[in-house]
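A.B. asks: Chains as they are written, first to last, in my numbering: chain A, 1 to 346; chain B, 347 to 634; chain C, 635 to 866.
Be careful, since some hints might not be right.
Simulated crosslink set (SDA-like; lysine to any residue; CA at most 25 Å straight-line) [claimed, not checked]: (1) C/LYS852 / C/ILE806; (2) C/LYS704 / B/ASN430; (3) A/LYS311 / B/LYS534; (4) B/LYS534 / A/VAL307; (5) C/LYS748 / B/LYS534.
Think of the hints as simulated: they come from the structure by calculation, not from any bench.
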Amino acid sequence: MAAAVETVRVERATGASRVFAALAVVILAALVSLPWWGDAGDMRLIAEMAYYVALAQLWNLLAGYAGLVSVGQQAYVGLGGYMLFYLTGVWNVNVYVAVLLAGPFAGLMAIPVSFAVFRLRGAYFAIGTWVVSEVFALLASLITVLGAGSGLSLTVPILQEISPDRDTRDTLLYLMTLGAALFVVGVVYLLLRSRHGLALTAIRDSEPASASLGVNTFRTKFIIYIATAACTGLIGALIFLQKLRISPEAGFSINDWTVVVIFMVVIGGIGTIEGPFIGMLIYIVLRELLADYGTYYLILLGLIAIVIMLKAPSGLWGWVIQRYNLQLFPVGRRLVSTPPADAAKR
Amino acid sequence: MEWVNIFIQGTLLGGFYSLFAIGLSMSFGIMRLVNIAHGDFIVLAAYVGMVAVQSTGLSPFLSLVIVVPVMFLLGYALQRGLLNFTLSGGLLPPLLVTFGISVIIQNGLLQGFGAYDHRLQEGAIETASLQLPGGIDVGVYPLVVFGVAVLGIGALQLLFYGTRLGRAFRAVSDDADTAELMGIDNRKLYALALGIAMVFTAIAGVLFGIRTIFDPAAGPIRLILAFEAVIIGGLGSMWGTLIGGMVLGISQAIGAALNPNWQILAGHVAFLIILILRPSGLFPRTRD
Amino acid sequence: MTLLRTQNLSAFYGDFQALFDINVTVEERETVAIIGANGAGKTTFLRTVAGALPSAPDAVLFDGRPIGGKPPHDIVRLGIAMVPEGRRLFPSLSVEENLSLGAHSERAGPWSLKRVYELFPRLYELRRLPAPSLSGGQQQMAAIGRALMSNPRLLLCDELSLGLAPVIIRDIYQCLGAITAEGTTVVLVEQDINRALDASARFYCFQEGRLALTAPTKDFDRAALTAAYFGM
Numbered sequence: 001m002a003a004a005v006e007t008v009r010v011e012r013a014t015g016a017s018r019v020f021a022a023l024a025v026v027i028l029a030a031l032v033s034l035p036w037w038g039d040a041g042d043m044r045l046i047a048e049m050a051y052y053v054a055l056a057q058l059w060n061l062l063a064g065y066a067g068l069v070s071v072g073q074q075a076y077v078g079l080g081g082y083m084l085f086y087l088t089g090v091w092n093v094n095v096y097v098a099v100l101l102a103g104p105f106a107g108l109m110a111i112p113v114s115f116a117v118f119r120l121r122g123a124y125f126a127i128g129t130w131v132v133s134e135v136f137a138l139l140a141s142l143i144t145v146l147g148a149g150s151g152l153s154l155t156v157p158i159l160q161e162i163s164p165d166r167d168t169r170d171t172l173l174y175l176m177t178l179g180a181a182l183f184v185v186g187v188v189y190l191l192l193r194s195r196h197g198l199a200l201t202a203i204r205d206s207e208p209a210s211a212s213l214g215v216n217t218f219r220t221k222f223i224i225y226i227a228t229a230a231c232t233g234l235i236g237a238l239i240f241l242q243k244l245r246i247s248p249e250a251g252f253s254i255n256d257w258t259v260v261v262i263f264m265v266v267i268g269g270i271g272t273i274e275g276p277f278i279g280m281l282i283y284i285v286l287r288e289l290l291a292d293y294g295t296y297y298l299i300l301l302g303l304i305a306i307v308i309m310l311k312a313p314s315g316l317w318g319w320v321i322q323r324y325n326l327q328l329f330p331v332g333r334r335l336v337s338t339p340p341a342d343a344a345k346r
Numbered sequence: 347m348e349w350v351n352i353f354i355q356g357t358l359l360g361g362f363y364s365l366f367a368i369g370l371s372m373s374f375g376i377m378r379l380v381n382i383a384h385g386d387f388i389v390l391a392a393y394v395g396m397v398a399v400q401s402t403g404l405s406p407f408l409s410l411v412i413v414v415p416v417m418f419l420l421g422y423a424l425q426r427g428l429l430n431f432t433l434s435g436g437l438l439p440p441l442l443v444t445f446g447i448s449v450i451i452q453n454g455l456l457q458g459f460g461a462y463d464h465r466l467q468e469g470a471i472e473t474a475s476l477q478l479p480g481g482i483d484v485g486v487y488p489l490v491v492f493g494v495a496v497l498g499i500g501a502l503q504l505l506f507y508g509t510r511l512g513r514a515f516r517a518v519s520d521d522a523d524t525a526e527l528m529g530i531d532n533r534k535l536y537a538l539a540l541g542i543a544m545v546f547t548a549i550a551g552v553l554f555g556i557r558t559i560f561d562p563a564a565g566p567i568r569l570i571l572a573f574e575a576v577i578i579g580g581l582g583s584m585w586g587t588l589i590g591g592m593v594l595g596i597s598q599a600i601g602a603a604l605n606p607n608w609q610i611l612a613g614h615v616a617f618l619i620i621l622i623l624r625p626s627g628l629f630p631r632t633r634d
Numbered sequence: 635m636t637l638l639r640t641q642n643l644s645a646f647y648g649d650f651q652a653l654f655d656i657n658v659t660v661e662e663r664e665t666v667a668i669i670g671a672n673g674a675g676k677t678t679f680l681r682t683v684a685g686a687l688p689s690a691p692d693a694v695l696f697d698g699r700p701i702g703g704k705p706p707h708d709i710v711r712l713g714i715a716m717v718p719e720g721r722r723l724f725p726s727l728s729v730e731e732n733l734s735l736g737a738h739s740e741r742a743g744p745w746s747l748k749r750v751y752e753l754f755p756r757l758y759e760l761r762r763l764p765a766p767s768l769s770g771g772q773q774q775m776a777a778i779g780r781a782l783m784s785n786p787r788l789l790l791c792d793e794l795s796l797g798l799a800p801v802i803i804r805d806i807y808q809c810l811g812a813i814t815a816e817g818t819t820v821v822l823v824e825q826d827i828n829r830a831l832d833a834s835a836r837f838y839c840f841q842e843g844r845l846a847l848t849a850p851t852k853d854f855d856r857a858a859l860t861a862a863y864f865g866m
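One chain only, chain A, in its complex shape:
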């Protein structure tokens, strides 16, 4: 007599994630329609939040999942920005095309960089990536066609390629940034949901173990590094498209593009998709609250990050996950079993 077998399904979504998906649609609709009910200042703020979330998701992918703690991602922000200014300013490339090329350019530059820095591990890898970023910044300050120490500005004709009308331009830039950020978050989310994401989580948990199971750890990390660099370059191009000016100091600023991003991810919850969102909100709130007190908000962020690392290393969201077992972006897989259907009839 054949034994009845339990059937087992793999389920991805959780109850909370379904609710969140519904909420997300609402929030997204509000954000996309912002140009019609908000002002330029609102759009600038949301755009800033958007590109920070994108940068944070990318850094999180690198550090929280692939185990590559880079303190040099600002290199790709700067490379993307400079590529945009160079293509539009020196080669008269259409601004949209230039933005689209900036990302792949940054990704391409990441290839030789990886040859150097992948020789280092752990904290040494971190500092190595920092050195590379400094090299790019120094090169930018020496090359005359890139404006050397003073950098480059976007001329009016280039801006007018987006739109001759100022308000339309603001709207388009805002929507482009929002779109790019959504794209990045979407890519990260889909990646982590996929087989590759599972490989990454395995690598994060134990590199030797995952290697012994046949996961090609080097290739996976390499691909993630290049892809992250390309996306970071894209975001960098959009950031400086809105800032209208780029200089070596601003383009490759570790404080602007790496320090705050790391704080966001660490405080929000490293290794989770929800974490960077929370971290970004906390950063913005603290910065606005303490705006009159110079850079004290950075000191406070530093202290919070230290406390989090010691007491709750998985960050705020990590704490929520442990306490409430909540997952809004379903990347996990749960085995759900159904008992044998005909057991009662036998």
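Guided by the hints, dock chains B and C onto chain A, whose structure is given.
C.D. replies: Only chains B and C this time, still in chain A's reference frame:
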């Protein structure tokens, strides 16, 4: 002759860089801790020296009498009270905690002293020079710094190989787990290690503050220079760090001779080349 | 007089439980063997007694006093020393430096460099060499000597015979005899059952983290032992 000059200037510059690197090398060798805030502690020491000079009227050299104990205690307390708790959590906690400390120090100094440039004035020795045969001028100050670096490393080697404490440091560096089983209190030893590392950092900071203009943001580049010296020389070897510093200094001198703007970049390039060709450095020692 | 007693000792590696309610007693001047298959928890037991793994304070009593949860360096100071599995000499240190390091806790007693060299004359000739250049047997002697330098009342020996030739093992166990003759209490973890039983007065058999059997070694029925060892 020009080459000899470059070689000498570069070597003496290397003395500076290896002085920066000693503290970093120690904390990695003994605790496997890479202190991202290391450069900021060098700058902090320069500021402590500045405050000491302003309040006591002592010369910067003499202010070391105050700066060294202050930095030693700071290092001991920091390791004992904070960093010891990051050592067991894997890669991220020590890195991110020292990163946080770096940001706190930089912004603390910024809030406390403003973004201005400062320099410690030691007087005539800063510009004095010796005439060597062949018409080469060698600055007395760089020579003193180089001498301090050599003496410092020599003293450390004496500590590591000739004393009971040094033997304990080496044992803990080899195998922290078994060292505990032999009766060594690792927590105290690590704290002592960072304290001693901070002594060198203090000396490096004051000497650096005499030679170079510093401001709150001067930390990161010191970390990078120290880091490059350590990697070029090879992890785990103190004399290797001196050689690494010299290679870095000479590379920078060559770059500067071609074009003054290329000095730092030349150092970075030399570092990256060595990293690609010989990743474990020139004289590697550490077992990981 | 009972020197070491464990009471319902349990030990965990994270979420994984390695020891379940172990009750072991060791009388002063006794040699007790702990045997069992790989993964039975023998090394975990020694490491917990030595303080390398956490435990409840009352779970381990030394000389009547609770020592559970104390850090290893405190426990060395109280008089327990470990010869770790795999020797674990310090590679950067010479043989003599390794031995001297054993005395870091500065406990008073009969053992000194001179006495260790008397027990292991070969080590004296090799004393200036870096530890890794010694053969397996010589390293084992050095590891024992290093532990003795702390003048322990209780010596924990983890797998002395690991990876060594029978002739060498015999020599080492002869030296062990000289050590116990001095009055040192010894707990011996061994995979080589015969060696362990020959050297000890009583034994404990562990099986998958639990105590399977304990008895005096004299005239003990080996068949019953095999059954306990393999959990049959």
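A.B. asks: When you check the alpha-carbon spacing of B/LYS534 and A/VAL307, does it fall within 25 Å?
C.D. replies: It holds: about 22 Å lies between the C-alpha atoms, which stays within 25 Å.
A.B. asks: Quickly compare the C-alpha distance for C/LYS748 and B/LYS534 to 25 Å and report which way the hint goes.
C.D. replies: violated, 30 Å
A.B. asks: Between A/LYS311 and B/LYS534, does the CA-CA distance stay at or below 25 Å?
C.D. replies: holds, 22 Å
A.B. asks: Regarding the pair C/LYS704 and B/ASN430, is the alpha-carbon distance no greater than 25 Å?
C.D. replies: holds, 17 Å
A.B. asks: Quickly compare the C-alpha distance for C/LYS852 and C/ILE806 to 25 Å and report which way the hint goes.
C.D. replies: Given that 25 Å is the threshold and the Cα spacing comes to 22 Å, the pair holds.
Consistency note: the structure conflicts with earlier hint 5 alone.
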